[in-house]
Structures are given as C-alpha cells and as structure tokens.
Amino acid sequence: MTNKEVDLLEGLNKNPDTTLVKFYNVYRKEFLSWAYKTYGADEDNSSDCFQDAMIILYKNVRAGKLTEFQSSVKTYLFSIGKNVLLTKFKAAQRLVPLNESGNREIADDNFELPELYEGNLLENRIAGIIESIQNPCKSILRYFYFRGFSMEEIAIEMNYKNAQTVKSQKVRCIKEIQHLLQRKMRINI
Amino acid sequence: MQDQLDHIEEYLNGNLSEDERRDFEARMKSDESLNEKVANHRSLLKGLELGFNRELKSLLQQEEQMQKQISIKKNKQIKLRNYSMGLAAAVALILVSIYSIRNQSLDSNELYFNYYTSYPNVEAPVSRSDDQIDNAYSFYEQGNYPRALKLFSKLNKENPLDPAPIFYSGICNLEIDNAETAITFFDLIQKLDQNKYSKPAIWYEALSNLKLNRKSRTIELLNDLIGDEDSYSLKSKELLSSLGQ
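For the record, the sequence lines run as chains X and L.
When we follow our numbering, the leftmost residue of the first sequence carries the number 1, and every step to the right adds one.
When we follow our numbering, the leftmost residue of the second sequence carries the number 1, and every step to the right adds one.
Don't read these hints as lab results, they were simulated from the structure.
Keep in mind the model is a prediction, meaning the values are calculated, not measured.
Please note: incorrect hints may appear among the correct ones.
Pairwise CB distance ranges (calculated) [to be verified]:
1. X:Asn13 x L:Leu234: 33 to 41 Å
2. X:Leu95 x L:Ile176: 40 to 48 Å
3. X:Glu43 x L:Leu87: 29 to 37 Å
4. L:Glu9 x X:Glu157: 42 to 50 Å
5. X:Asp42 x L:Leu234: 44 to 52 Å
6. X:Glu43 x L:Arg27: 50 to 58 Å
7. L:Leu16 x X:Asn120: 38 to 46 Å
8. L:Ser17 x X:Arg172: 48 to 56 Å
9. X:Met1 x L:Ala92: 31 to 39 Å
10. L:Arg22 x X:Asn13: 42 to 50 Å
11. X:Lys29 x L:Arg22: 50 to 58 Å
12. L:Lys68 x X:Ile106: 40 to 48 Å
13. L:Ala90 x X:Lys29: 53 to 61 Å
If we take Cβ atoms under 10 Å as the criterion, some of the chain L residues that face chain X in the derived model are [what the hints assert, rightly or not]:
14. Val38
15. His41
16. Phe52
17. Asn82
18. Ser84
19. Gly86
Idealized CB from N, CA, C, for every residue including glycine.
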C-alpha cells in the first residue's frame, strides 16, 4: 500500500471526521471537473455525490469490506462517486451524454446506493434524536455503534473507570432515547 | 435489561451461533414482548446509523461551502490583481512611449509622473484569513488611500517589524501627495533587515524626492539601485540619464 492509502485507512480508524474532510479536499476539485466534463454534472450535484462517496468509503472500511485498494484511493473514490451520480441521475430521469460507443452509461450492476440519510418514520425520528442528543450519550453511542469501538476502548478514550461503567452508561443512553422517542410520538413530531 | 439488550444486539449483528440463533428465534415466536423489543432495537440501530450519517454529511457540506467561498474569494483577488497589474503596465507603457516620443529634458515633476506607477498589491492573496489585512489591501486596490492608510497604521502597531504595512503606508502617502511623510516610511524600511520591499522602497523614496524637486538626493538614491541586473537598475539608469547624469 502507498503512504496515502495507509494514511487514509489509519486516519479513518483514529479520526474519521478529520480524515474524511482531508481526503474530500484532496480529490474534490478533480472529481467535480471530471464529473462536469464526462456527465455535464453541475457543482451542486457532483459535490453532493462525492460527499456520499466519502461516506460510503468510510462505511466500507468500517465494515471490513475494504482493507486494501486494488488500484488507488482515487480510482476507488471516483468509481463510487460515478456510481452514486449515475444512480441519482437515473432516479431523477436525467440523461447523461452518449459515450464513445453511442450508449448512455449506467451504474455498475453490483452497485447499490445505500439509503444513507432517510428511513421510515420511526427511524427518521430516532435519527433526529441522535443529531440533537448531548454528551456523554452522543459520544458513547457514536463510538460503539458507528465506529465499532469495544467497551474497553471507549473506557480508555473517554476516561471511564472500566468497560462495565461504559456499558451501564450506554444502557442509560438507550433508555433516554426511548424516552425522548415516546415523547415525540405522543406529540407526533 | 443489559443482558437482554446484549443478546438482542448479538442476534441482530449475526454474532450468535447457529444453535443460539435458532433458540433465540423460537423464543421470539412465543414471546410477543421480546419480538417487539427486537423490532424496536432494529429501528434504533438503523436510526442511529442514519443520524450519524447525517452528521457526517453535514460536516462535508459545510466543508464544500467553505471551499466554494475560498475559490470565489481567490478568483476575485486574482481578477483584481490582474486588473491592477494590467492597468499599471498599460499606464507605464503609455508613459514610456510619451517619454520616448518627446525625448527631451523634462522637469522633476514631469519626470516623476512619467516614472511613477503605484505598486501592485502583492500581499492580500496570501493573507486572506485576516479581515483587517484584507480590508487594508482591498481599500488600497480600490484607490481609497486615506482609509487604507488608517488600516495599515493599525497593522503596523500590531506588528512593527512587518515591512509590508510600512511600505504600503509610504505608497499611500505618495498617492495623496504627502511625499514628505512617504519618505519617512521608506526610510523606515531601510532600517529593517533586508526584505522584499527594500529595493522598491529605495525606488519610491527616490521618486518622492524627485517630486519634491530634491535632485541630488534623488540621484544619490538611484545610484544605490544600479548594479544588479534587475528592473530597478534599468529604470534607475534611465531616470538618471534623464536627470542629466
């Protein structure tokens, strides 16, 4: 693996926010101009797709689906970005320009755009609670469910006495979410 | 609750053994409340994932906004810079042509106007994060020298050893016909360590003296600029010969 790839994979594990922003900025400009030249995509559309590509990259790394790059970080990111763009264009019934062989390119067969931000009513309500919930709950839940840390790792990271303390706190956090959810359901927001 | 929660999570994450899974599903069938808890927890996990994805998305959206603003600002500055440099070059060209056409002895004031072009803003593009710096240079570029001067003097107080605000204060003074004050600023530059404004400051100090009709001081300063093979040396030789040297 090249230094860049090691940087990316290690960075996503240690500090995903900063790493995603850093790599977003490394390839952003090139992706936007490529998407404009190839598909006539404007900046708003292509930056939206490239952001999704970054998040999908992170999820793949976290799920262990991506431990090394067959080609390069750039090729990998551009390929996801292209598939996201083609999928979104298709959904919006927007045509992409004909390619050299006179066909319109479509997303790869094995690519499926995951539902990243919207779910059913209940899931959306929970997502809304997560966005507004305070610490320590937010950090504990993020470490455990989003970043895949163990209880021991969270205890070290957040200065808790031990894993058991974190576990009890996590249960309290889940109860808090359930409580907030019930209240939301009652007033129907 | 904790143990049951662990069990539900292990089931949902597919971490139970084949036997444990079968056993758990059998219990779900017979226990309506367990079944409901599993369904609720599944929604909770999905909701958590969506919520954290949204946060990442908004982080990247903010970054995108920032990048856009930076590139808009950059383009503006480049345009302004190209414009002012282009203008300065055009003015210089016209003046030089006028001079070569006339090619006759000129008085100090005429010579001054033939040689004087305001110095381009070479600072602001690298200091875009600071509003005060930005404003000083943008007033300078707009030709609002009195306001630029006020901001340059503020900058100078904050950082007395930075040659840029001192140099541009000199130019501003020259622009508003305060050649005498301009000279004090250009003199100050010479007292600092050698920097990128050292030579320009001598050149403009020479022009300030020319404007005040102090020929011998002008000649003295121009002689300091002769030697190196650069534009200041060439311009100085030319001006010296116009002054009869």
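Against the structure, the hints:
1. X:Asn13 x L:Leu234: 33 to 41 Å: violated, 59 Å
2. X:Leu95 x L:Ile176: 40 to 48 Å: Hint violated: Cβ distance 60 Å, outside 40 to 48 Å.
3. X:Glu43 x L:Leu87: 29 to 37 Å: Since the Cβ atoms of Glu43 of chain X and Leu87 of chain L sit about 31 Å apart, the hinted range of 29 to 37 Å holds.
4. L:Glu9 x X:Glu157: 42 to 50 Å: Given about 20 Å between the Cβ atoms, the range is violated.
5. X:Asp42 x L:Leu234: 44 to 52 Å: holds, 49 Å
6. X:Glu43 x L:Arg27: 50 to 58 Å: This hint holds: roughly 54 Å between Cβ atoms.
7. L:Leu16 x X:Asn120: 38 to 46 Å: 26 Å Cβ-Cβ, so the 38 to 46 Å window is violated.
8. L:Ser17 x X:Arg172: 48 to 56 Å: Given about 30 Å between the Cβ atoms, the range is violated.
9. X:Met1 x L:Ala92: 31 to 39 Å: Since the Cβ atoms of Met1 of chain X and Ala92 of chain L sit about 55 Å apart, the hinted range of 31 to 39 Å is violated.
10. L:Arg22 x X:Asn13: 42 to 50 Å: For Arg22 of chain L and Asn13 of chain X the Cβ distance comes to about 35 Å; the hint is violated.
11. X:Lys29 x L:Arg22: 50 to 58 Å: Holds - the Cβ-Cβ distance for Lys29 of chain X and Arg22 of chain L, about 54 Å, lies within 50 to 58 Å.
12. L:Lys68 x X:Ile106: 40 to 48 Å: Violated, at about 30 Å.
13. L:Ala90 x X:Lys29: 53 to 61 Å: violated, 33 Å
14. Val38: Cβ of Val38 of chain L sits 14 Å from chain X, so the hint is violated.
15. His41: holds, 9 Å
16. Phe52: This hint holds: Phe52 of chain L lies near chain X, its Cβ roughly 4 Å from the closest one there, short of 10 Å.
17. Asn82: violated, 21 Å
18. Ser84: Hint violated; Ser84 of chain L Cβ to chain X Cβ min 27 Å, cut 10 Å.
19. Gly86: violated, 27 Å
Hints 1, 2, 4, 7, 8, 9, 10, 12, 13, 14, 17, 18 and 19 from the list above are not met by this structure, while the remaining hints are.
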